[in-house]
Amino acid sequence: MTPLSFYLALSAIMFVIGCVGAIVRRNAIVVFMCIELMLNAVNLSFVAFSHSVGNLDGQIAVFFVMVVAAAEAAVGLAIILGLFRTTKSVETSAANEMRL
Amino acid sequence: MDLLISFLVCFAVFHVAMVLSAVCTWIERKGSALMQDRIGANRAGAYFDTPFIRTDNLALKPVAFLTNVLVIGPAFSVIRTLGMLGVINTLLCDAVKGLTKEDFVPEGTSRFLHNLGPVLATVPIFLAFAVIPVAPNFTLFGYHVRPQVAHLDVGALFILAMGSMAVYGVAIAGWTGNNKFSLLGGLRAAAQMISYELAMGIVFVTIVVVYGTLDLYQIVERQQSLWGIVTQPLSFIILFIVGMAETKRGPFDLPEAESELVAGYFTEYSGMKFLLFWMGEFAEIGLFSLLLTVFFFGGWHLPFLDLPAGVWWAALIGHVILMTKVMFFCVLQIVIRWTLPRFRYDHLMTLGWKILLPLSLVNLMFYAALKLSGVL
Amino acid sequence: MNLLFIIFAAIVVVSALGVVLLRNPVHSALALVSNLVGVAAIYAMLNAHFLAVVQIIVYAGAIVVLVLFVLMLLNMKVEALKRHEKIFYTTVMLVAVAFCAAILPILHQFFGEFNPAASLTIASGAAASGAAALPRVEGTVEAIGKVLFTRYLFLFEAASILIMAALVGAVMLSHRVSNANGSSVNSGPSTDPSTTVRS
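Chains as they are written, first to last, in my numbering: chain A, 1 to 100; chain B, 1 to 376; chain C, 1 to 199.
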């Protein structure tokens with residue numbers, strides 16, 4: 001039986017990797033994917049705690065996090081597409097000035 | 001011992017999937033030929049001379065004679081008949097041709113992704129066979145055998161999940177072709193698949209509402225007295241249309257439209273990778289036929305036939321009944337493909353989003369109301 | 001330790017590293033798919049059956065497909081790193097490794113023993129005497145449905161409103177309005193005609 005801390009350790013490692021990716025990468029879509037990694041890490045720790053405590057509140061929280069992630073994916077990618085149309089690049093450094 | 005039984009069940013279900021894929025391929029080739037008033041493939045293996053054993057040794061002459069009459073003669077008659085029917089051409093020669101063709105990767109694209117495309121398109125389809133029962137449960141020599149590879153309590157949702165994963169193969173295949181035709185075909189196919197997955201999901205929810213369980217074996221067991229087609233005919237129609245759209249066959253085959261896009265997302269594939277796509281497509285026809293049979297046509301139950309549960313020969317008869325119904329739906333899908341002209345792409349999207357999706361929602365609300373009011 | 005957990009944890013960590021480190025964004029997207037499928041497998045190990053399948057349907061089967069669509073439509077070039085970026089990369093990764101090395105023993109100290117009663121004591125602060133008799137609920141569809149539609153009904157309806165808002169927002173953001181000149185501009189962030197990309 002794996003102890004709870006192993007699942008939480010996995011979640012922490014995933015979160016840190018996602019955080020590093022969001023900071024380091026310049027491609028906006030890869031940054032978005034690293035944000036999804038971080039959300040998944042949090043989901044994993046929710047489910048691990050739900051399993052440990054024995055009721056389903058953690059899993060319901062994961063359900064709603066997935067809903068929010070799906071909504072964020074749709075709107076975020078639409079914004080990235082709009083960014084691409086105006087600046088012709090998906091790099092985050094292409095849109096860091098206020099003037100076009 | 002349980003592990004051995006599980007392994008044998010896996011092997012049997014995979015065998016069913018492969019046999020369905022192979023038989024559907026043959027029916028497609030020969031059946032389309034017959035429907036188009038031509039003969040089709042009938043040369044390979046049809047003109048073999050029977051290699052009779054001849055010997056001058058007096059002691060061996062009766063042995064040789066008996067072997068000739070009982071083994072070699074009938075065997076080669078069968079091979080010649082199969083050759084005339086086009087079976088050897090489709091199953092053996094095409095496979096050999098696919099295996100021996102040059103395996104190339106287009107320039108400027110990743111070799112890994114090009115090889116991954118057919119895998120991602122085919123493996124989820126075969127995985128979806130894991131939750132479908134192919135025969136009733138039976139007990140043999142004291143061992144309880146359940147002919148269902150994975151006894152998930154979320155069986156129907158797993159099929160939806162595998163349908164979602166199959167989109168990747170198509171999109172990656174279209175993208176790694178590195179030309180506009182492939183990309184357009186791939187994106188069209190992926191958009192078509194995810195559009196029709198919505199209606200499929202809602203139809204699955206309707207089926208689950210009526211039967212009260214997601215486990216496919218329980219769904220078949222609850223159709224012992226009344227087939228699903230009687231309780232929910234509209235769900236059957238929607239699932240049939242969605243199945244043909246998901247497999248990108250029939251009138252929905254614009255992504256691989258041979259007359260327009262060269263071959264769509266297949267363009268840059270040859271040899272065994274192309275055959276993998278083909279096998280996956282025909283296995284998906286078999287998968288949807290199995291789903292329709294399991295959800296709506298009673299699986300292995302016949303209305304007048306009452307077989308004893310748990311006996312091995314009853315399971316065998318049930319399997320034969322199930323496969324007969326599945327073959328009926330496979331042939332139906334192939335006949336529809338060769339009969340109807342294909343949809344224009346905006347008509348296809350209109351059908352998926354503006355007609356099937358609201359229809360399936362209304363269907364769901366109707367059956368939910370029936371269930372809540374206690375009628376069903 | 002469970003062999004399955006080691007395998008799936010290895011898949012998760014390696015593919016997470018793949019998302020961050022791979023140069024080609026399409027390879028990153030496929031590594032993300034592998035990561036999500038690994039996490040779904042871990043959910044199945046933690047008795048969250050419904051969530052495992054929904055993770056594959058929603059996350060791996062819809063969200064990353066959307067990302068792949070966007071990647072394929074924007075045909076971008078894969079560039080190599082410059083020198084100052086490489087220094088930045090390695091510094092951040094060393095800090096991350098140091099952070100992990102610091103936090104993992106703390107996690108193991110607090111959550112090391114797999115004891116629901118002990119976890120409940122930490123979580124609720126109540127007496128641990130009656131807490132061990134809590135019935136364990138499996139994450140089947142039926143159980144989640146019961147909780148979702150009774151206790152969390154308001155959140156469920158609010159989530160559906162959120163999804164509808166996101167749907168309308170995504171359509172509005174990518175909507176193209178053709179103006180009187182006959183050329184089409186998008187009604188998104190930029191309305192300056194000299195810098196708008198015409199298509």
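In short, the hints are calculated from the structure, not lab data. Hints may be right or wrong, so weigh each one.
Unchecked claim - Computed footprint of chain C on chain A; a stretch qualifies when at least three of its residues, placed anywhere within it, have a C-beta under 8 Å from a C-beta of chain C: (1) 5–12; (2) 29–38; (3) 47–57; (4) 68–81.
Said to hold, decoys possible - The calculated lysine-lysine pairs, modelled on DSSO-like cross-linking and capped at a C-alpha distance of 30 Å, are: (5) B:180 - B:97; (6) A:88 - B:97; (7) A:88 - C:82; (8) B:180 - C:77; (9) C:86 - A:88; (10) B:180 - B:101; (11) B:30 - B:97.
Just so it is clear, CB atoms sit at the ideal spot from N, CA and C, and this is done for glycine as well.
Which hint numbers does the structure go against, in order from smallest to largest?
Of the numbered hints given earlier, the structure breaks just one, which is hint 6.
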